[in-house]
Amino acid sequence: MAIAIEFNNISKLYRLGLVSTGTLAHDLKRWWTINVRRQEDPYLKIGETNDRSIKGESEYVWALKDISFKVEQGDVVGIIGKNGAGKSTLLKLLSKVTAPTTGEIRAHGRIGSLLEVGTGFHPEMTGRENIYLNGAILGMTKPEITRKLDEIVDFSGCERYIDTPVKRYSSGMMVRLGFAVAAHLDPEILVVDEVLAVGDAEFQKKAIGKMQDVSQGEGRTVLFVSHNMTAVRNLCKTGLLLTNGTIEYSGEINRVINRYLDHQAERSQLPIAEIKGRKGNGSLHFTDIKFFNQGIERTVFSVGEECEIRIAFDSTDEMARCKSSRIDVGINSAIGDRVAWLSTYMFMDRVDGSCGEIRFKIPQLMLNQGVYNVNLYSEVDKEIADWVENVAQIEVNFQDFFGTGRKLPEDLSVTGGSFLSFTLI
Amino acid sequence: MNEEKWTTVIKPKDKLLEVNLNELWKYKDLISLFIKRNIITQYKQTVLGPVWFVVQPAMTVIMYMIVFGGIAGIPTDGVPRPLFYLAGTCMWQYFAECLTKTSNTFVDNASIFGKVYFPRLAIPISNVVSNLVRFGIQLGLFLVVYAIYAFIGDSGAHFNWYALLFPVLVLMMAGLALGFGIIISSMTTKYRDLQVLFSFIVHLWMYATPIVYPLSQTKSMFWNGIQVHTLMCLNPVTPVIETFKYGFLGAGEFVGWRWLIYSFVFMLLLLAIGVVVFNKVQKSFMDTV
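Each protein sequence line maps, in turn, to chains A and B.
Quick note, our numbering runs 4 ahead of the 1-based positions in the first sequence.
Quick note, our numbering runs 546 ahead of the 1-based positions in the second sequence.
If you are wondering where the hints come from, they were derived from the structure by calculation, not from laboratory data.
These figures come from a predicted structure and were not determined experimentally.
Treat the hints loosely; a few may be bogus.
Unchecked claim - Covered stretches of chain A (chain B as the covering partner; in silico rule of three or more C-beta atoms under 8 angstroms from a C-beta of chain B): (1) 136 to 143; (2) 155 to 162; (3) 308 to 315; (4) 381 to 394.
What the hints assert, rightly or not - Taking lysine-lysine and the DSS-like style, the derived pairs with C-alpha atoms no more than 25 angstroms apart in a straight line are: (5) A:Lys283 <-> A:Lys327; (6) A:Lys100 <-> B:Lys590; (7) A:Lys100 <-> B:Lys765; (8) A:Lys146 <-> B:Lys557; (9) A:Lys100 <-> B:Lys557; (10) B:Lys572 <-> B:Lys826; (11) B:Lys582 <-> A:Lys171; (12) B:Lys572 <-> A:Lys146; (13) B:Lys736 <-> B:Lys829; (14) A:Lys146 <-> B:Lys574.
Backbone N, C-alpha and C define an ideal beta-carbon position, used for all residues, glycine too.
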């Protein structure tokens, strides 16, 4: 098959921090070394790998380093990785928003990017006027838009408001209109960044359907960045796992996703104190999380069993003085979909910091068989205090819950809005 | 694979003079839509709407009549003061407006530029064109006042053949504003200080241009042995405005083809440099803005 896109040794250097008084000095130094002394750029050498959780010594950082890969025509490539791994930077380079520091990207055909829908919408103009403007910004010509206008309006489901200024639109309608325009762009190469995270369920379904049509029916090449592993798995054939700005693994999508999930699993084996990349101001600090059944510690449960989660934490004076605080537990399926959420917020406005431990009791763990990742989140006076992703993993085993010996199909019953009843003890 | 087969090649830096005017042409629909947007949105939700375009120069002219005509007593080449000031103000306002808008291109549009690629020059070009609407309305005011004076019959102002140069003069104003504007916008992406400095410079620049006084006044003045008139004409905006005033009002005398051609060449060079600099900056400005 023909190659649609080729990345050759792509790297991108970013300067961290603020551009301020130091900038002029840096610029002069750089200019002096390169143009007068004919040496290499002094700042290129000191770039470090991009690990967001470690504080680097250099002000410069490689957001991407030596990325080389090829995409075949008609492929749908999922790009996955942690936050800050360089996924969005990669798409930005491809959509020409910013230029690479080194290397070259070569591609066949028009590249359409959906880094954000509704770019350039003007609130004072009507829906119709904005369709034209937005379409033209994305690279369509006027006759092209006129030809597709009915289709676009129809797809967006905003017929009634099409001659109303978009400032009167709900945010959801704005997104639908934006996506409708973008979806009808018909480029040979489509670059998509998490647009599916917006809009209601009906629209998401429509959006995914459209993307499937584009890739399967019309043989277009799609690059898709998402944290939603279900969407990635459904849409993509091949994948690319980015870690700290380099390609860690590429190949068939299921392998790539598994590799990514292995990372998360590895992470959740670590004691909580060793987990890097925590966010928050530290006015509350999680120290431990344990799971119990009838007073016995476990990490493996059966469907419908009782489960008690004990979370230990250190608190500071700040927390003792606060007006509001809360602790949340998020339970995600192995592919990253949120399946349940437990929170002290359901019971009280403020967590007593002095107790040092909080316990949630789930009388019946109604999760289908599978592996689940647990996130911990806390807020003190509406500010994030401590946020640890994939802090632990629990496994749920098959249990003949219905008494019929039949299993709920895993792929049908993991996702979707499950609801766990829980109490605080 | 063969190099020619690739339709898109993204590299760290283009060659200095590699300016993709073809690409800009492909986006001509976008430019026309931006122009439409600028015009539509300019007076939405205002009660007076386009009337504001007339109120502003009218007030300015009245102020000039009091300060420069009345108090300072600067002559106006035998042309009625309102006409003289209005002619200068209309032209200058167009230039200044285009310049200010264009010089903010990157800063004002950072959010769009950060998300999608299109030739960035589309924005300044559409600004310069959409400002023509405002200029046209102000010119209308000028012509109305002109007609009134002609009707009364004591104007002392008269058209001559040089008025036919008008389209060229507007083109030159637009070209100069675009050229200066994109150079400044390229510099302000990194150093915002320039934005502050610049708004100040535009203000002073007006006084270095014969708007509130006639150029003929400077003929007899010398500075270090150089005629001030010559120094004034080095300002590329001066010949344009003087020709306009001479053609429409018969005020003063024609600056001479020499200076007009100088301005024209200046504009072309400025545009060329501007486009090259702009092109260089647009590739990576997102990282600095």
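Hints the structure fails to honour:
2, 3, 4, 6, 7 and 8
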